[in-house]
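*Asks:* Could you build the full structure based on these sequences and the hints that come with them?
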Amino acid sequence: MTGKHPICRDLEPDLVAAAIGEAGAAAAERVGEHVRRCPPCRDEFTRYRQIEGVVEGLKSHPAGGDEARSRRTLACRLADLERRRVAYRIFPSPLGNLLIARSADGVTLVEYLGHARTIAASRLARAKNVDPVEDGGELERLYRELMEYLEGRRKRLDWPLDFRLARGEFDRLVLSTAAHIPYGAVTSYAGVARELGRPSAARAVAQALRWNPLPIVVPCHRVVGSSGALVGYAGSKLGLKEQLLSVEGVSTRRAQGDPEIAREAMYHLMRGETEYCLPTCGSIARRSLAELTLFGTREHAEALGLDPCTTCRPDLHPDL
Amino acid sequence: MGEAPFEGIVEAHHREIHRYLGRLTRGSAIADDLAQETFLRAYRSWKALPEGANVRAWLFTIATNVMRNHFRGEKRRTRAHDTVKASTREAGPDRPDGAASASEALTLVESVVATLPLKQRSAFVLRKVHELEYDAIGGALGCSADSARAHVFQALRKIRHGLDGRELTAVPEVPR
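Each protein sequence line maps, in turn, to chains A and B.
Under our numbering, residues 1 to 320 are what the first sequence spells out, in order.
Under our numbering, residues 1001 to 1176 are what the second sequence spells out, in order.
Don't take each hint at face value.
As the list claims (entries may be wrong) - Taking lysine to aspartate or glutamate pairs in the EDC-like style, the calculated list, with each CA pair at most 20 Å apart, reads:
id	chain 1	residue 1	chain 2	residue 2
1	A	K4	B	D1164
2	A	K155	A	D14
3	B	K1158	A	D14
4	B	K1047	A	E82
Please keep in mind that the hints were generated in silico from the structure rather than gathered at the bench.
Computed from a prediction, not measured in an experiment: that's the story for all the values here.
*Replies:* In structure tokens:
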């Protein structure tokens, strides 16, 4: 190699290229010209042609491993990944940055991120057995529907729900019960606990709703304390709870600084009854919220097929 | 990237990607794991792939990165096993006339390929076995098309010198 003529040395890259069929026409001609006159380069050229011939055989030569078995294992792992996959997207909204996520089973998470803009701030990032993947398309529709809902232009979010981020079986039970609290209605933590058949579990219900992975969709904003105080919402977002209730026609007021529902301005429904009453009907005003469901408007009560009470006749009192 | 199910991508490309990884890991069962890893990673990002993207080149890029990570983790892998000497000995006893049969020649070439630095090895296999364009090879290796080409040529030179003194089966030798 060291003894190579400078011309041969300069030509070497073209020679290799020509031998493997990658040289341009001019270079190939130059190489052809040269190897006819230069025996060492001719040998070299032949050698590269031979190697090219051998290398060609690599294409059909088995490369090892067990392709079929590898693919079968891959199919299982992909199916597992598919089950764990949760597509998410973060939307800038009037409520601050809002993360919406869904799996193949249903909507998994609606989360107020405040000013944070990345998944690092989300509970998705810390969830086990969840594989978050940022996604565009399909979540856009959910976000649009949610905004329509917040503006009062939509009363139902008919989304399939996936409670996999709930903390446990009890929480899952609480969430699926709370999911059925109707639009425009208000109940209490103790009321939900009774509904579950666990009348003493009001605090546990409150904790479960505190960790509600699907606020707005699972309307935990419709659940208040037994005194009528709003108590809490998504950490310290009581204002948001007020706002959500007001969209549904439920008015609140401030008692010593803390917001509470204006119970005397709401229609009352006793547990198990099919007629709704004025707050002044009999002794209903003194009943515990655990036994009642309240409505801000008659329209929302009647939307459920409830009739006005034949004694107090709420239908004759259009305003409370 | 459209709505075509990911299974279609696996169906179309798994065999080739698996072969690529098998060749670069010298036929070990690690290729199975690396191929799975490649497609699992691809699955995570394929929906973000722009319309009309070259899926095949993209998969080769992921496979190459998965493999490089693997080898990085195995830095201490003994090079002694990969030397030409050791490998050529595996290729079987020399014939009296010094000529290698077609399959021996192939084994010889593979044993030299195994001694190449990873980038050259990948570039060589991507080009000569899978016939990728240099652009795509550059994409897979994180270098320019020109560098990719230089890697392939350097690999060929090393193969050529690694096989010095070995007769290979004759192939057409006249320049076109």
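*Asks:* All hints, please: hold or fail.
*Replies:* Status of each hint after checking the structure:
1. Of the supplied pair hints, the one linking A/K4 and B/D1164 holds, its CA atoms being roughly 17 Å apart against a limit of 20 Å.
2. At most 20 Å may separate the alpha-carbon atoms for a hinted pair to count; A/K155 and A/D14 exceed this at roughly 74 Å.
3. A hinted pair counts as satisfied when its Cα atoms are at most 20 Å apart, and B/K1158 with A/D14 qualifies at roughly 16 Å.
4. A distance of roughly 13 Å separates the Cα atoms of B/K1047 and A/E82; the hinted pair therefore holds under the 20 Å criterion.
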